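Chemist: One letter stands for each residue in the lines below.
There are 2 protein chains.
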Amino acid sequence: MTDVEGTAGWAEAAVREHAGEAERPSREEQVLERIDRARRRKARVKEEHVTMAHGSGGKATQSLIEAIFLEDFRNPLLEPLEDGAVFGVGSSRLAFTTDSYVVSPLFFPGGDIGDLAVNGTVNDLAVCGSRPLYLSAGFILEEGFPVEDLRRVTASMAGAAARAGVQVVTGDTKVVQRGKADGCYVNTAGVGLLDRPIGLSAAAARSGDAVIVSGPIGEHGVTIMLARGELDIEADLVSDTAPLNGLVAALLDACEGLPPEARRDAAPDVRPGVVRCMRDATRGGVATILNEIAHASGVAVVVEEDAIPVRPGVRGACELLGIDPLYVACEGRLVAVVDGAAADTALAALRAHPLGAGAALVGHVKDDPPGLVLLKTGFGGTRIVDLLVGDPLPRIC
Amino acid sequence: MTDVEGTAGWAEAAVREHAGEAERPSREEQVLERIDRARRRKARVKEEHVTMAHGSGGKATQSLIEAIFLEDFRNPLLEPLEDGAVFGVGSSRLAFTTDSYVVSPLFFPGGDIGDLAVNGTVNDLAVCGSRPLYLSAGFILEEGFPVEDLRRVTASMAGAAARAGVQVVTGDTKVVQRGKADGCYVNTAGVGLLDRPIGLSAAAARSGDAVIVSGPIGEHGVTIMLARGELDIEADLVSDTAPLNGLVAALLDACEGLPPEARRDAAPDVRPGVVRCMRDATRGGVATILNEIAHASGVAVVVEEDAIPVRPGVRGACELLGIDPLYVACEGRLVAVVDGAAADTALAALRAHPLGAGAALVGHVKDDPPGLVLLKTGFGGTRIVDLLVGDPLPRIC
Chain Z
1 MTDVEGTAGW AEAAVREHAG EAERPSREEQ VLERIDRARR RKARVKEEHV TMAHGSGGKA
61 TQSLIEAIFL EDFRNPLLEP LEDGAVFGVG SSRLAFTTDS YVVSPLFFPG GDIGDLAVNG
121 TVNDLAVCGS RPLYLSAGFI LEEGFPVEDL RRVTASMAGA AARAGVQVVT GDTKVVQRGK
181 ADGCYVNTAG VGLLDRPIGL SAAAARSGDA VIVSGPIGEH GVTIMLARGE LDIEADLVSD
241 TAPLNGLVAA LLDACEGLPP EARRDAAPDV RPGVVRCMRD ATRGGVATIL NEIAHASGVA
301 VVVEEDAIPV RPGVRGACEL LGIDPLYVAC EGRLVAVVDG AAADTALAAL RAHPLGAGAA
361 LVGHVKDDPP GLVLLKTGFG GTRIVDLLVG DPLPRIC
Chain F
1001 MTDVEGTAGW AEAAVREHAG EAERPSREEQ VLERIDRARR RKARVKEEHV TMAHGSGGKA
1061 TQSLIEAIFL EDFRNPLLEP LEDGAVFGVG SSRLAFTTDS YVVSPLFFPG GDIGDLAVNG
1121 TVNDLAVCGS RPLYLSAGFI LEEGFPVEDL RRVTASMAGA AARAGVQVVT GDTKVVQRGK
1181 ADGCYVNTAG VGLLDRPIGL SAAAARSGDA VIVSGPIGEH GVTIMLARGE LDIEADLVSD
1241 TAPLNGLVAA LLDACEGLPP EARRDAAPDV RPGVVRCMRD ATRGGVATIL NEIAHASGVA
1301 VVVEEDAIPV RPGVRGACEL LGIDPLYVAC EGRLVAVVDG AAADTALAAL RAHPLGAGAA
1361 LVGHVKDDPP GLVLLKTGFG GTRIVDLLVG DPLPRIC
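The listed protein sequences correspond, in order, to chains Z and F. Under this note's numbering, residues 1 to 397 are what the first sequence spells out, in order. Under this note's numbering, residues 1001 to 1397 are what the second sequence spells out, in order.
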């Protein structure tokens, strides 16, 4: 596995020190304390202008969210910064989420901006533990965009919605002059119903939990990079874009031990479940999600490099690009943290579903060092997997 | 009042024939039948490429919506094409809506893209009869956009949310390269709770109903045009952007005759109310909304030109621009169709609210000619007010 392009500064330096000086624990402790101090520092945006890195899902995005959006909009529903907000209305619990899509190119092997926009919002709702119900669709179109391409996008959205069992119930269209957009941007927001009385949270991981991914990682991001034709690499890859609500339901059915009919409209007596947390690995890839979980739960996530499923085409392209597949976006892969005792049940449930056939146990949660993701490499070393600083793969979703 | 720039083709021709040949009713009937036939025709998008007109809110937007979005996404919740979708979850009824904002310039007298995006979605929820609760915020930022401007936008959104009593609970940020956006685009979606058992619909207007606007029209659109500095006109105008949920609640409280506490969590025994329909007049202005209502209800809407409140600055600018204020966007004005017998009650309720001080009865609903909006001019003539074909005021929201 190549070094991580874009993960720079103190954290990576820390990894090198960490690896090389195991015999001097006081030094290691100093490093971890320095990392901890830096992380507890109030987020701020140092840049005067927005850069591509602010859209990467990595460190810069996190600063922007914490220093500006969270600061201005602060409220108890937003604050957990999960993939969607969960709130009660009457006797129901609902999830609500949004994502804008600016992927380039609009059409790529395995999908397009349309099914990506539907699947992405369906997935954000699903990983909140909700059953996705209704979507909105907001289009920003560039003057001159071919109407035929718009038809392809909406047809693709309609197909994806049908496959996921959701409906697009409201929408909006804006048109901007030539050169003020890039063909077509799509926003989808979504509403889902939490019909299981469980509470999922990135802060719920605890020592002994198992970390599972639902299949090979990085296919979407690499497919987009290759589809741009900027690289002279050929690989037989297609995007993994897919709706994860069926897979998530299968996992929860198996792990939470209640038949679905018993859970429908159950009293909202929310309790922590065997499944602690789920995320779909998009921008920033699996590495970013694991960092969010480690940070929110105050735990260490230890991942085995050799256990991470990566198809040869993705691995090869990543090596040529100098990117770690752990940071590459998927659009149809689930990361789940489950009670260690339920790992086999969870894996079996995922593998029994077509979208989870390649599910793998990739690591475990430990108490120390809190807030960090550690990768045990194939060569027997350990390195810290931090958030990305730059954006090696812009506009992949 | 000047002629309407942009309303072209058969409808405007029809107006001229109509006005000049009252002594030949058979000719008039032919014209109306021709209009009716054209309107019943299946919508289709004739253009091969998206034009600015597709974003105007007028005829081209309508064709795009009906021929592409409605065609592909068709479902009973989307089909009414109201400002938001209304659906039941558990024992509650919810409204769900979305809008993207691409206004240029981002900052203008009286507001900016931030409060516009919050108020717009709050208003769409309010006119569905719901109490706006939660908003999402999706940002598409252009690389190089000043972080300080982003802070101004989010601070403005936070202020608008606080004033409207809603919370931004989930969000998303994307960044695109220079030249692929225009600084900052914002999408807001929103969820509201219908805690009154009334059904509002553009299809609910009936003969004898009164048509009311909550204040002077066209201020937002003209303010934006002037803020672009492309015209050498000076006028002391500010945008009317404002959250209408308080005003709407005041209107419903007065007209529906139930104290608010009696309505909270009332059984969802939905019934048509004294208030038939409400809309906030944005893109396409009051004229577009009245056309939608006339069309959906199969009624005529007859408006008195002299009764329409227009501030002198707006009137003057519109005359110089060759635009009819009826087509100019407001962002804080309500159009309500109410039972004729309740018109005085409705007007009094609106006028008692700071945002409705300038409310006026501007017209009535009649049976014939169905589907048309007629304007009785100050000179005693009558003309048809059709949907706009072009887009004289692009990117005003």
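Note that these hints are calculated values from the structure, not bench results. Quick caveat, the model's predicted, so the values are computed rather than measured. Hints may contain errors.
Claimed, not checked - Here are the simulated DSSO-like pairs of lysine-lysine, each with C-alpha atoms no more than 27 angstroms apart in a straight line:
no. : chain 1 : residue 1 : chain 2 : residue 2
1   : Z       : K42       : Z       : K376
2   : Z       : K180      : F       : K1046
3   : F       : K1180     : Z       : K46
4   : F       : K1042     : F       : K1376
5   : Z       : K366      : Z       : K376
6   : F       : K1366     : F       : K1376
7   : F       : K1180     : Z       : K180
Stated by the list, open to error - Residues from chain F that face chain Z, not an exhaustive set, calculated with beta carbons under 10 angstroms:
no. : residue
8   : L1077
9   : A1189
10  : L1320
Where a beta carbon is used, it is the ideal one built from N, C-alpha and C, also for glycine.
Chemist: All hints, please: hold or fail.
Modeler: Right, here's what the structure says about each hint:
no.: 1; hint: Z:K42 x Z:K376; result: violated, 30 angstroms
no.: 2; hint: Z:K180 x F:K1046; result: holds, 24 angstroms
no.: 3; hint: F:K1180 x Z:K46; result: holds, 24 angstroms
no.: 4; hint: F:K1042 x F:K1376; result: violated, 30 angstroms
no.: 5; hint: Z:K366 x Z:K376; result: holds, 13 angstroms
no.: 6; hint: F:K1366 x F:K1376; result: holds, 13 angstroms
no.: 7; hint: F:K1180 x Z:K180; result: holds, 5 angstroms
no.: 8; hint: L1077; result: holds, 4 angstroms
no.: 9; hint: A1189; result: holds, 3 angstroms
no.: 10; hint: L1320; result: violated, 23 angstroms
Hints 1, 4 and 10 from the list above are not met by this structure, while the remaining hints are.
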